[in-house]
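S.K.: Each chain, written out:
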Amino acid sequence: MGDSISGALAPIVLPDPDGTEIRLGSLWETRPAVVAFLRHYG
Amino acid sequence: MRGHEAEIRAAGASLAAIGLGDRRYAAAFRDETGISFPLLVDEERRAYRAADLPSASVLHLVRKDNVRARSRARKAGHSQHRLGRNPLQLGGSFVFAPGDRDLHVHRSETFGDTAAVEDLLAALREAGGSGAPPIA
Chain R
100 MGDSISGALA PIVLPDPDGT EIRLGSLWET RPAVVAFLRH YG
Chain Z
706 MRGHEAEIRA AGASLAAIGL GDRRYAAAFR DETGISFPLL VDEERRAYRA ADLPSASVLH
766 LVRKDNVRAR SRARKAGHSQ HRLGRNPLQL GGSFVFAPGD RDLHVHRSET FGDTAAVEDL
826 LAALREAGGS GAPPIA
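Protein sequences, first through last, are from chains R and Z. In this note's numbering, each residue's number is its place in the first sequence (first place is 1) plus 99. In this note's numbering, each residue's number is its place in the second sequence (first place is 1) plus 705.
Isolated chain R, as found in the complex (with noise of 0.2 Å):
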C-alpha cells in the first residue's frame, strides 16, 4: 500500500528452514508484527 516500507515487503515470499514458503504479508495482515532482519545467526 502507498509507499510504506510494509506495503514494498508485503508480496514477497520466502521460506522457513524448513521449505514453507510464506508470504510477508501474511506476517501483519490481522494484527501487528514485529520483524527483526538478522545481521547474522548467533
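Note that these hints are calculated values from the structure, not bench results. No experiment lies behind these values; they were computed from the predicted model shown. It cannot be assumed that every hint is accurate.
What the simulated footprint calls covered on chain R by chain Z, stretch by stretch (three residues with Cβ under 8 Å from a Cβ of chain Z suffice, anywhere in the stretch; the number is not a length) [as the list claims (entries may be wrong)]:
1. 102-108
2. 113-127
So the derived label-pair ranges between C-beta atoms look like this [as the list claims (entries may be wrong)]:
3. R:E128 <-> Z:K769: 36 to 46 Å
4. R:D102 <-> Z:D736: 13 to 23 Å
5. R:V112 <-> Z:S776: 33 to 43 Å
6. R:E128 <-> Z:A715: 18 to 28 Å
Cβ coordinates follow ideal geometry from the N, Cα and C atoms, glycine included.
Given the structure of chain R, go ahead and fit chain Z onto it with the hints provided.
M.R.: Positioned in the frame of chain R, the structure of chain Z alone reads:
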C-alpha cells in the same frame, strides 16, 4: 529480541525474523535457540533490499561502539555464528500493522546498532487503539 517475545505477544503482536544465509544454517540456529516464531531465509536479500537496509563499511569493525557492542554480546553469552556471503549487510527492526502500515522503523547504522525493545513496545501500545497513523 527473542528474549522479549513474551512481552511482544502480550502487546498483541507476533514476532518474526528474517535472516541471510541458507536454510540449513537457519535450521541449526532455530533448533539451537528453540525459537518458536517464524524464521525466514532471504538468501537473495530481496527483503533486505525492499526494506532499504544498508551495508556497513569494513571500517565499522574498528569503531569504538562496535568494539563495545561485541564485548557486551560476549558477556551476555551470545556468540556470532557464520556470517555468510554478505558479512557487511546490516539488519533492522520494524513494527508493521494491518493495512501495510509502518508503525516503527529502525535500520541499523552499524553492527552493534539494534532497536530498543522499549521503542518497539511503545509502537505496539500506540497501535492498540483505533490504529496509529503510518509513518511512511
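S.K.: Count residues of the region 102-108 of chain R with a Cβ under 8 Å from any Cβ of chain Z, then say if the count reaches three.
M.R.: holds (count 7)
S.K.: How about the region 113-127 of chain R: do at least three of its residues have a C-beta closer than 8 Å to a C-beta of chain Z?
M.R.: With 11 residues closer than 8 Å to chain Z, the region 113-127 of chain R meets the three-residue bar; holds.
S.K.: Mind checking the hinted window 13 to 23 Å against the Cβ distance between D102 of chain R and D736 of chain Z?
M.R.: violated (38 Å)
S.K.: Go ahead and decide if the range 36 to 46 Å is satisfied by the Cβ distance of E128 of chain R to K769 of chain Z.
M.R.: Since the Cβ atoms of E128 of chain R and K769 of chain Z sit about 42 Å apart, the hinted range of 36 to 46 Å holds.
S.K.: Just to be sure I understand the hint, the distance between the Cβ atoms of V112 of chain R and S776 of chain Z should be within 33 to 43 Å; is that true here?
M.R.: Cβ of V112 of chain R to Cβ of S776 of chain Z: about 38 Å, so the range 33 to 43 Å holds.
S.K.: Per the hint of 18 to 28 Å, is the separation of the Cβ atoms of E128 of chain R and A715 of chain Z within bounds?
M.R.: holds (20 Å)
Checked against the numbered hints given earlier, the structure breaks only hint 4 and satisfies all the rest.
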